[in-house]
Every structure is written in C-alpha cells, then in structure tokens.
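All chains should be built: construct the whole structure from the sequences, respecting the hints.
Chains U and F, in that order, are what the protein sequence lines are.
Take my numbering: the last position of the first sequence gets the number 192, and nothing is skipped along the way.
Take my numbering: the last position of the second sequence gets the number 192, and nothing is skipped along the way.
Check before you lean on any hint, since a few could be wrong.
As the list claims (entries may be wrong) - Partial chain F-side listing against chain U, Cβ under 7 Å, derived: (1) H20; (2) P23; (3) P25; (4) I69; (5) G70; (6) Y79; (7) P101; (8) G136; (9) L157; (10) A169.
The set of hints was computed from the structure by calculation and includes no laboratory data.
In this text, a Cβ means the ideal position worked out from N, Cα and C, and glycines have one as well.
2 protein chains.
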Amino acid sequence: MKIGTYSYEEYLHLIKSFHGNPAPGLIIGGFMVDEALRRLPDGEFFDAICETYVCLPDAVQILTPCTIGNGWLKIFDYGRFALSLYEKYSGEGVRVYLDPAKLERWPEIQGWFLKLKPKASQDSQKLVDQIKEAGKDILSYHKVRIQPELLHKKKLGAVGVCPSCGEAYPLRDGKVCRPCLGESPYIKEDL
Amino acid sequence: MKIGTYSYEEYLHLIKSFHGNPAPGLIIGGFMVDEALRRLPDGEFFDAICETYVCLPDAVQILTPCTIGNGWLKIFDYGRFALSLYEKYSGEGVRVYLDPAKLERWPEIQGWFLKLKPKASQDSQKLVDQIKEAGKDILSYHKVRIQPELLHKKKLGAVGVCPSCGEAYPLRDGKVCRPCLGESPYIKEDL
Numbered sequence: 002m003k004i005g006t007y008s009y010e011e012y013l014h015l016i017k018s019f020h021g022n023p024a025p026g027l028i029i030g031g032f033m034v035d036e037a038l039r040r041l042p043d044g045e046f047f048d049a050i051c052e053t054y055v056c057l058p059d060a061v062q063i064l065t066p067c068t069i070g071n072g073w074l075k076i077f078d079y080g081r082f083a084l085s086l087y088e089k090y091s092g093e094g095v096r097v098y099l100d101p102a103k104l105e106r107w108p109e110i111q112g113w114f115l116k117l118k119p120k121a122s123q124d125s126q127k128l129v130d131q132i133k134e135a136g137k138d139i140l141s142y143h144k145v146r147i148q149p150e151l152l153h154k155k156k157l158g159a160v161g162v163c164p165s166c167g168e169a170y171p172l173r174d175g176k177v178c179r180p181c182l183g184e185s186p187y188i189k190e191d192l
Numbered sequence: 002m003k004i005g006t007y008s009y010e011e012y013l014h015l016i017k018s019f020h021g022n023p024a025p026g027l028i029i030g031g032f033m034v035d036e037a038l039r040r041l042p043d044g045e046f047f048d049a050i051c052e053t054y055v056c057l058p059d060a061v062q063i064l065t066p067c068t069i070g071n072g073w074l075k076i077f078d079y080g081r082f083a084l085s086l087y088e089k090y091s092g093e094g095v096r097v098y099l100d101p102a103k104l105e106r107w108p109e110i111q112g113w114f115l116k117l118k119p120k121a122s123q124d125s126q127k128l129v130d131q132i133k134e135a136g137k138d139i140l141s142y143h144k145v146r147i148q149p150e151l152l153h154k155k156k157l158g159a160v161g162v163c164p165s166c167g168e169a170y171p172l173r174d175g176k177v178c179r180p181c182l183g184e185s186p187y188i189k190e191d192l
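Here it is as structure tokens:
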C-alpha cells in the first residue's frame, strides 16, 4: 500500500508533522491524491484544485509540488471533499471525490463524513481502521477540463507604496491599498 | 543566523523541497516568520494570517504548525507582503512586513520588491546575497489585535448529499451545492 512515493506509515508520520494530527480527512486525502496522480494525463507539469479548505489542501501540499505559496494549488470554498490535478497548459485532468454512494459498507466513515452521529460517539480507532481498509474503494473519478481563465496566473502587476500605510501594494487596487480602505482583519493596527 | 529552528542553509533546502525553488520572497518570509515568533505574546497556541497568496503562506507552513488544511493559517488577498502570528484565543499578536522605507540601502531588494526594473535585468545572485545580508533589517513590526469574528473557526455545519451531483456538501449552501449552481472551475465535468 503506497501513498504517493510513501508507505502508509510514512505518510501518517508526514501528516502528523505537517498538519499536527492524523486527521481522518487527511488520510483519505492521501489516497485521493495518490489516485489522481495515477490517472494524470501526459504532461510534464500539473496544477491542483481543492474544493474545500478542510484537510485536502495539506494532502496536496505534502504529496505534490503544488503549494498555496507557489500558486500551483488553488482552493475553492465549496465544502465538497474533492480535488483535481490537471496538466497546467491544456487544463485537462482528473477529479477525485469521496463518494457518499460508496459508503454503505463503511458505516464508521459514513457516520463521520455525513455527520450522522455526534463526534463524541464516533469510534476514532475504528474510523481510521476502516479508512485504511477501504483505501481507494470509497472514491470516484472523472475527467475534467479547467476553465481557461484559471490556467493563467493572475499577475499582481505594478507595485506602489500606499500613501496611507507606507507599505507596498498592487496599484491595480486603487490609490490606497485594500486594508487602508477598511478591509483589515485587525481591530486596530497600532495598540 | 537562525530561521526558526533551522540554519539558513537548512531553511534553503526546506523551501526548495516544499516550494520548488528558493524564491526571494520565501527567503525573506523565513526572516519574517522568525521575527514574528520571537515577538509572540505569551500563550500556548497561535494562529497565522498572511496578507498575500505569494510565497509567504509557504514560509508560515514550513516554519510553524499553521497550515491551510488545518485552519490555523488564513490568507487575505491584499497583495501586501505582511504576516501576523497571534494568540488564538485573545487575538493578540504581532504583525511583520517588508518595509519599503528600509530598502534604500538594498537596491537589489528594492528593485525586485517594487518592480523598479524588469526581471531580465535583475541580478538574482546579488538579490539573494542582499536578502541574506539584510536579514531582519528590512522588516518592521507592530502589535495587532485580530477581529473577534476571525478567532472562531467557521463550522461547516450539517452535511447533505446534493441531489444534483450526488456529492456531500454543507447544507447551509442551499438545496444543491455551489458548483451545481454554476460556480464550477471546470468547463464540463464529464468529458
């Protein structure tokens, strides 16, 4: 049993180190990335899409060259447990998802994934055992083609110094940077 | 010279392995995370914010326990080269940014960061040398307090099976999932 180029146990170590804990979704994510890699069309370079922020982006970042910071991984906040790998120029690729229709045989996975019972009454060891045993059997696949406008990196363009905060920002955003227009995640920047 | 718990050379190896190349922004990002870690308020757990998708999220993911997939790293697409680490319950923390006002002494960094000259005429070895020599001298800091609504993880809530695509999705999104309402990154899902 391989996950990418790693053994199952090696992958568990990697996700504990990177993600902090061996989350069930990240173990399944490992099988998903592995299956997507096996089904990739020809081509030297590929990019990735995750359809949720939960767990899956870390499986992609651990097992492929695609990361958030290098721009090869994009995340859409759809809350669907799905990911795609695609050839970066043609946009042709494969999409893998955890298929609810394939969970009848795996009641622990079904209960966890569809939130059929409260977390406190889930058996986490049984859940991980079923995930390992099920492997790719709970996944479905199809080919995809990515929207052309997503194939090109958005360039930040010219840079200016914001006259309000004095920091560098993309001039396309206007005469001051977006946080100076009020979008800040901070209550007050100087305490 | 340390970056987190690593030597400068070890950090360069890590970013090549994770990010694919020793991008100038990611080297600077290492110094930024290191300085933020030194200035953290007391507290056992902290979360992170990046104010750009470019490079910085990978510095945070390599050097801290915060990742996109575990929810401890949030990214805002402001195009500002800044990051914050903050105590996850109080929201008190420190913000670090690359300060354009401190670049006069470092013309190669200034030219690259403010895009003052085309990429082809930049001297990439000189740029990396200046980044290493400058270290934290090109950074500025201030204390921050995070908006309270950002301190709590958004729960996905109840899960349903979308009657249109058959996949699991958060019921808060409505009667079908968002991609089935037309938000898909794919041209056509079944080829």
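Comparing the hints with the structure gives:
1. H20: 5 Å, holds
2. P23: 12 Å, violated
3. P25: 13 Å, violated
4. I69: 5 Å, holds
5. G70: Holds: closest Cβ of chain U sits about 3 Å from F:G70, inside 7 Å.
6. Y79: 5 Å, holds
7. P101: This interface hint holds because 5 Å falls under the 7 Å limit.
8. G136: Violated, about 19 Å.
9. L157: 6 Å, holds
10. A169: 5 Å, holds
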